[in-house]
Amino acid sequence: MNPQAKLIFALSLTLGTTLTISSNHWIMAWTGLEINTLAILPLISKSHHPRAIEAATKYFLVQAAASALVLFSSMTNAWHTGQWDITQLSHPTSCLILTVALAMKLGLVPFHFWFPEVLQGSSLIVGLLLSTLMKFPPITLLYLTSPSLKPSILMTMAILSAALGGWMGLNQTQTRKILAFSSISHLGWMAIIIAYSPKLALLNFYLYTLMTAAVFLSLNSIKALKLSTLMTTWTKTPSLNAILLLTLLSLAGLPPLTGFLPKWLIIQELSKQEVALAATIIALLSLLGLFFYLRLAYCATITLPPHTTNHMKQWYNTKPTNTMVAVLTTMSLMLLPISPIILAVV
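The opening position of the sequence shown corresponds to residue 1 in the UniProt record's numbering, with each subsequent residue numbered one higher.
Note that these hints are calculated values from the structure, not bench results. There could be a bad hint or two in this list.
In silico DMTMM-like cross-links for lysine to aspartate or glutamate, where the CA-CA straight-line distance does not exceed 20 Å [unchecked claim]:
1. 177 <-> 54
2. 199 <-> 269
3. 263 <-> 274
4. 177 <-> 117
5. 58 <-> 34
6. 226 <-> 85
7. 150 <-> 34
8. 58 <-> 117
9. 6 <-> 34
10. 150 <-> 274
11. 150 <-> 85
12. 150 <-> 54
13. 199 <-> 274
All chains should be built: construct the whole structure from the sequences, respecting the hints.
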């Protein structure tokens with residue numbers, strides 16, 4: 001793909017995201033979502049591999065259906081109330097349809113089936129975009145409409161997402177699929193809190209984006225698409241592998257790393273809202289996620305030869321690590337001590 005085309009698609013993604021997150025009118029928000037979908041499709045299918053074409057087709061069909069539901073929901077609400085304002089969503093049927101549409105956009109259970117397959121058919125960089133930037137507009141719409149949505153439906157979806165994301169990630173051998181199920185599990189944490197504290201859900205999304213970007217870029221720099229490849233990368237970039245171990249544990253939510261902050265605050269807020277049972281269930285379900293993060297970390301750093309994989313050892317990499325990877329991994333590990341400042345800003 002030539003640089004001009006890449007620039008156009010990158011600008012389109014920026015425009016679509018900005019349009020959706022800054023609009024008050026449903027039609028403008030829908031337009032932004034459509035621009036985003038059309039801009040990411042060529043990036044998914046650029047390798048011309050059958051898996052990439054299949055991934056792009058699945059992504060298009062799901063996103064088109066979700067966008068149609070968003071439009072239908074907003075039109076139903078406008079028909080009954082005369083309001084096109086995003087924050088004035090009050091009709092119960094519209095609220096239900098919008099919940100389904102945004103769950104499809106985000107990949108929340110039970111509308112998650114497309115996400116691991118699409119991520120598996122994409123490159124790591126496009127996978128990073130799909131897991132972070134493409135989820136920002138739907139999360140923003142969820143944030144704006146959260147007072148109108150039913151907490152019980154969101155809580156059910158959230159607990160199912162945390163359970164299924166953890167459970168399905170256990171036996172995966174492809175790093176992109178593991179990160180897809182990790183994303184589904186993290187979305188469960190955002191969905192459970194958005195009805196009670198929308199700002200906390202956004203904070204969780206920002207920190208999730210930070211940590212996921214660090215992991216994706218680290219895996220991209222060591223070209224690890226499978227666990228068996230990950231086992232042999234310690235000879236190539238030992239320092240990056242050691243940091244990747246800590247970043248994965250941060251993504252799992254272990255203290256004293258950055259990933260512990262959103263989980264701690266969400267459990268605290270759920271306890272204050274007297275839904276301690278849901279907090280207990282989702283905290284226990286995060287142990288499933290912890291297991292597959294530990295598995296990834298073990299494969300990356302603790303597996304030493306002799307082992308049974310028939311891979312050649314890779315050359316030691318003498319190039320300096322990407323500055324972006326260094327900054328993101330540092331932030332993924334060290335933001336917990338400054339959590340009072342973060343909370344004051346948010």
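Hint check results:
1. For the proposed pair residue 177 and residue 54, the alpha carbon gap of about 15 Å is at most 20 Å, so the pair holds.
2. Pair hint residue 199 plus residue 269 holds up; C-alpha atoms about 12 Å apart against a cutoff of 20 Å.
3. Only pairs whose Cα atoms come within 20 Å are accepted, and residue 263 paired with residue 274 is accepted, the gap being roughly 17 Å.
4. Distance hint between residue 177 and residue 117 is fulfilled; the C-alpha atoms sit about 8 Å from each other, no more than 20 Å.
5. Among the hinted pairs, residue 58 with residue 34 is consistent with the structure: their alpha-carbon atoms are about 15 Å apart, no more than 20 Å.
6. Between the alpha carbons of residue 226 and residue 85 the distance comes to roughly 46 Å, so the proposed pair goes past 20 Å and is violated.
7. Taking the CA atoms of residue 150 and residue 34, the gap is near 26 Å; set against the 20 Å cutoff, the hint is violated.
8. Proposed proximity of residue 58 and residue 117 is supported: the alpha carbons are some 8 Å apart, at most 20 Å.
9. Proximity of residue 6 to residue 34 is assessed by CA-CA distance (about 18 Å); at most 20 Å being required, the pair is judged to hold.
10. Of the supplied pair hints, the one linking residue 150 and residue 274 holds, its CA atoms being roughly 16 Å apart against a limit of 20 Å.
11. Between residue 150 and residue 85 the alpha-carbon distance is near 19 Å, which keeps this suggested pair within the 20 Å criterion.
12. Taking the CA atoms of residue 150 and residue 54, the gap is near 35 Å; set against the 20 Å cutoff, the hint is violated.
13. About 19 Å separates the Cα atoms of residue 199 and residue 274, which keeps this hinted pair within 20 Å; it holds.
This entry does not satisfy hints 6, 7, 12, going by the numbered hints stated previously.
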